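> Residues per chain, in single letters:
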Amino acid sequence: GAVVSQHPSWVICKSGTSVKIECRSLDFQATTMFWYRQFPKQSLMLMATSNEGSKATYEQGVEKDKFLINHASLTLSTLTVTSAHPEDSSFYICSSSSGRANEQFFGPGTRLTVL
Amino acid sequence: GDSVTQMEGPVTLSEEAFLTINCTYTATGYPSLFWYVQYPGEGLQLLLKATKADDKGSNKGFEATYRKETTSFHLEKGSVQVSDSAVYFCALSGLTGGGNKLTFGTGTQLKVEL
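Protein chains in written order, with the numbering used here: chain A, 1 to 115; chain B, 116 to 229.
Pulled out of the complex, with its shape left as it was, chain A reads as follows (with noise of 0.2 Å):
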């Protein structure tokens, strides 16, 4: 199957200080990136999708000026968790699509710890 990755797979900041962590599609195109939080024992909820080249979609409640998505190519995208504060701890997951057959791929995720 094809594979995602993410680095860093746990990084721990202070609080106020900004975080990148990226996602990398090994070995396929990815039309579409998608990034995830995930509380602990609770579902995924989606942030945002996007789409190489052009400006992510955020979903309702996720603010766009903190979590900076940049998804510059077909196997790249960036999330970017500004100013970051201890609420923004959490597990963050990726996924990229090739957009056939309604399937994402999952990469592991990032687990955030804000100080």
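Keep in mind that the hints were calculated from the coordinates and are not lab data. Since the structure is predicted, the reported quantities are computational estimates derived from the model, not experimental observations. C-beta atoms are modelled at their ideal positions from N, C-alpha and C, and glycine is treated no differently. You may find that some hints are simply not true.
[Claimed, not checked] So the derived label-pair ranges between C-beta atoms look like this:
no.	chain 1	residue 1	chain 2	residue 2	range
1	A	K55	B	T135	37 to 47 Å
2	A	K41	B	E228	31 to 41 Å
3	B	S118	A	W10	36 to 46 Å
4	B	G144	A	E59	14 to 24 Å
5	A	P40	B	N137	41 to 51 Å
6	A	P8	B	G144	36 to 46 Å
7	B	Y145	A	D27	24 to 34 Å
8	A	P8	B	T186	13 to 23 Å
9	A	P40	B	M122	15 to 25 Å
10	A	P40	B	T127	45 to 55 Å
11	A	F39	B	G116	31 to 41 Å
12	B	D169	A	G16	34 to 44 Å
13	B	E191	A	G16	44 to 54 Å
[As the list claims (entries may be wrong)] Calculated cross-link-like contacts (lysine-lysine; reagent style PhoX-like; alpha-carbon spacing at most 25 Å):
no.	chain 1	residue 1	chain 2	residue 2
14	A	K66	A	K20
15	A	K55	A	K66
16	A	K64	A	K14
17	B	K192	A	K41
18	A	K41	B	K183
19	B	K183	B	K167
Put chain B on the given structure of chain A with help from the hints.
Just chain B now, kept in the frame of chain A:
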């Protein structure tokens, strides 16, 4: 809008027991249906899928049948193993411009004991 409802967990079973995790959905049109599995500390892995009514998805001994008349996609396995312990998510896919948006259920934690 689209929604997925799963039975609440945790579900605790003995090894070799029969497993059923219920999933029902609400959607417009004809969505594709999925089961994903998440092992501790890891991302989601696709377990199985079905793209149209009466399709049966199967993988690693797990099965689920797309039932349009009951809007259900229940996950079953005849004999669970300790290694099946994980969180299972039911999901559906509806089309959005430029991609396919997944709607997830809340997840069901499965614990299998010896």
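> Give a verdict on every hint.
Structure-based check of all given hints:
| no. | hint | verdict |
| --- | --- | --- |
| 1 | A:K55 / B:T135: 37 to 47 Å | holds (43 Å) |
| 2 | A:K41 / B:E228: 31 to 41 Å | violated (19 Å) |
| 3 | B:S118 / A:W10: 36 to 46 Å | violated (32 Å) |
| 4 | B:G144 / A:E59: 14 to 24 Å | holds (20 Å) |
| 5 | A:P40 / B:N137: 41 to 51 Å | violated (23 Å) |
| 6 | A:P8 / B:G144: 36 to 46 Å | holds (39 Å) |
| 7 | B:Y145 / A:D27: 24 to 34 Å | holds (30 Å) |
| 8 | A:P8 / B:T186: 13 to 23 Å | violated (40 Å) |
| 9 | A:P40 / B:M122: 15 to 25 Å | holds (19 Å) |
| 10 | A:P40 / B:T127: 45 to 55 Å | violated (19 Å) |
| 11 | A:F39 / B:G116: 31 to 41 Å | violated (21 Å) |
| 12 | B:D169 / A:G16: 34 to 44 Å | violated (54 Å) |
| 13 | B:E191 / A:G16: 44 to 54 Å | holds (49 Å) |
| 14 | A:K66 / A:K20 | holds (12 Å) |
| 15 | A:K55 / A:K66 | holds (15 Å) |
| 16 | A:K64 / A:K14 | holds (21 Å) |
| 17 | B:K192 / A:K41 | holds (23 Å) |
| 18 | A:K41 / B:K183 | violated (29 Å) |
| 19 | B:K183 / B:K167 | holds (8 Å) |
Violated hints, in rising order: 2, 3, 5, 8, 10, 11, 12 and 18; the structure is consistent with all others.
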